[in-house]
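Novice: The whole structure should be built from the sequences, with the hints applied where relevant.
One-letter residues, chain by chain:
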Amino acid sequence: MEGNTWKRFVLPALVFLIAVISLLILGGLASENPDGFEWAFFDFAGIQESEGGFGGILGFLGEGPLVDAVTGAIGIFLVLIIALLLFRMTSRGTKA
Amino acid sequence: MHVPDGYLPIWLLLTMYAISGAVAFYSIRRINRKFDDRLVPYMGVLAAVIFAAQLVNFQVPPSSGHLVGSTLLAVMVGPFAGTLIMALVLFVQALYADGGLLTYGLNLFNMGVFSCFLGWSLAFIMFRGLRKFTEEKKAVLVGTAFAAFVTTVLAAFVLGLELLTVPGFNVLAVAAITWIHVFIGIGEAILTFVILLYFVRAKPSLVSFLKDSEVKELAVVVGGREEGPQERVTIIKS
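As given, the protein sequences belong to chains R and W, one line each in that order.
Using the working numbering, the first residue of the first sequence is number 1, and each one after it goes up by one.
Using the working numbering, the first residue of the second sequence is number 1001, and each one after it goes up by one.
By construction, these hints were calculated from the structure, which means they are not laboratory data.
Among the clues, some could well be false.
Covered stretches of chain W (chain R as the covering partner; in silico rule of three or more C-beta atoms under 8 Å from a C-beta of chain R) [to be verified]:
#	region
1	1003 to 1016
2	1027 to 1038
3	1058 to 1071
4	1082 to 1089
5	1095 to 1101
6	1151 to 1165
7	1173 to 1179
Just a sample of chain R residues kept apart from chain W, beta carbon distances all over 10 Å, derived [as the list claims (entries may be wrong)]:
#	residue
8	GLY62
9	GLY64
10	LEU66
With a straight-line Cα cutoff of 25 Å, these simulated SDA-like cross-link-like pairs (lysine to any residue) come out [as the list claims (entries may be wrong)]:
#	chain 1	residue 1	chain 2	residue 2
11	W	LYS1203	R	TRP6
12	W	LYS1137	R	ALA13
13	R	LYS7	R	VAL20
Even glycine gets a Cβ: it sits at the ideal position worked out from N, Cα and C.
Specialist: The following block contains the structure:
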């Protein structure tokens, strides 16, 4: 991948996404209500929510807006890297 | 719409793993060597955008919703590449315990396979119809937003049908999950419209429905030929 594309597109996009998400999470602008599935399943149908289980690979960091913002940023970076590897592998080479 | 582990029967989860796995494998074969590597950074950023957008829930009292983005992805890069992007977004989310590891196949089916292919089909029909009356950029924006709304509601209905395998989840609950997603679907349509508007203006070549798209070959659904293992090389004229 050309260095210019990294500097001009990928890095600014990464910084922008992380900044916006951090702002929304730390600013308390994201809804804390259960999502559509959780509401219908646990609240409406009254199915008992199980305790424990797999807490996620970063579950040891605990909970809170700051942790959510940090883990969110790590996730964005992780998805970007995996996507770049996957699509790099499945693209055809370009020779300038 | 991310279903956690521990509720659904194992036969359903294994079936969904098999279906989603087969579609993901076929998707890799379909997109293999179909686009040049200059587009890779844009695909990566698109995946990151979808992951980021799914982190933040918007208010839909008494519930909440977030963008799924399947229709948006399908319209931009085709349903095969869209499914693959959803597969890796959902994989990282499953590692974060947002959606289970055993339910990964089911979540991928609902939000990836089913939603990408249905969303693409609806958007394509809408786009072809609207293009007769307005310019193609407006047609793709309106068609995709409408398709995103319908797809969200139908994906929730399918999820409701799957949840009928859980004791205590009845037809009334299927109606409830579908009904709440009518409102979540409006949010999905608005966010889809806004994000697509950005790409239509900033990088229209990354929207497969548009005339000058660079990802048309990648997004071919019917009649696309699978490539062999040899690498094609595009020579760019300086």
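Novice: Hints first: check each against the structure and report whether it holds.
Specialist: Do the hints match the structure? See the list:
Coverage of a stretch by a chain is defined here by at least three residues with a beta carbon nearer than 8 Å to that chain's beta carbons; for the region 1003 to 1016 of chain W and chain R the count is 5, and the condition holds. Look at the region 1027 to 1038 of chain W against chain R: 9 of its residues bring a Cβ nearer than 8 Å to a Cβ of that chain, three or more, so the hint holds. For the region 1058 to 1071 of chain W, the stated coverage by chain R is satisfied: 9 residues place a CB nearer than 8 Å to a CB of that chain, which reaches the threshold of 3. Only when three residues or more bring their CB closer than 8 Å to a CB of chain R does the claim for the region 1082 to 1089 of chain W stand; here the count is 4, and the claim holds.
Evaluation of the coverage hint for the region 1095 to 1101 of chain W: fulfilled, as 6 residues show C-beta separations to chain R shorter than 8 Å, against a requirement of three. Counting residues of the region 1151 to 1165 of chain W whose C-beta lies closer than 8 Å to any C-beta of chain R gives 4; at least three are required, and the coverage claim holds. Remark: the region 1173 to 1179 of chain W is confirmed as covered by chain R, as 3 of its residues place a Cβ nearer than 8 Å to a Cβ of that chain, reaching the required three. With 10 Å as the threshold on Cβ separation, the claim that GLY62 of chain R sits away from chain W holds: the shortest Cβ distance comes to roughly 13 Å.
For GLY64 of chain R, the requirement that its beta carbon stay farther than 10 Å from each beta carbon of chain W is met, with the minimum near 15 Å. With a least beta-carbon separation of about 14 Å from chain W, LEU66 of chain R lies farther than 10 Å from that chain, consistent with its non-interface assignment. Taking the CA atoms of LYS1203 of chain W and TRP6 of chain R, the gap is near 16 Å; set against the 25 Å cutoff, the hint holds. Pair hint LYS1137 of chain W plus ALA13 of chain R holds up; C-alpha atoms about 23 Å apart against a cutoff of 25 Å.
Only pairs whose Cα atoms come within 25 Å are accepted, and LYS7 of chain R paired with VAL20 of chain R is accepted, the gap being roughly 19 Å.
The structure fails none of the hints (numbered hints given earlier).
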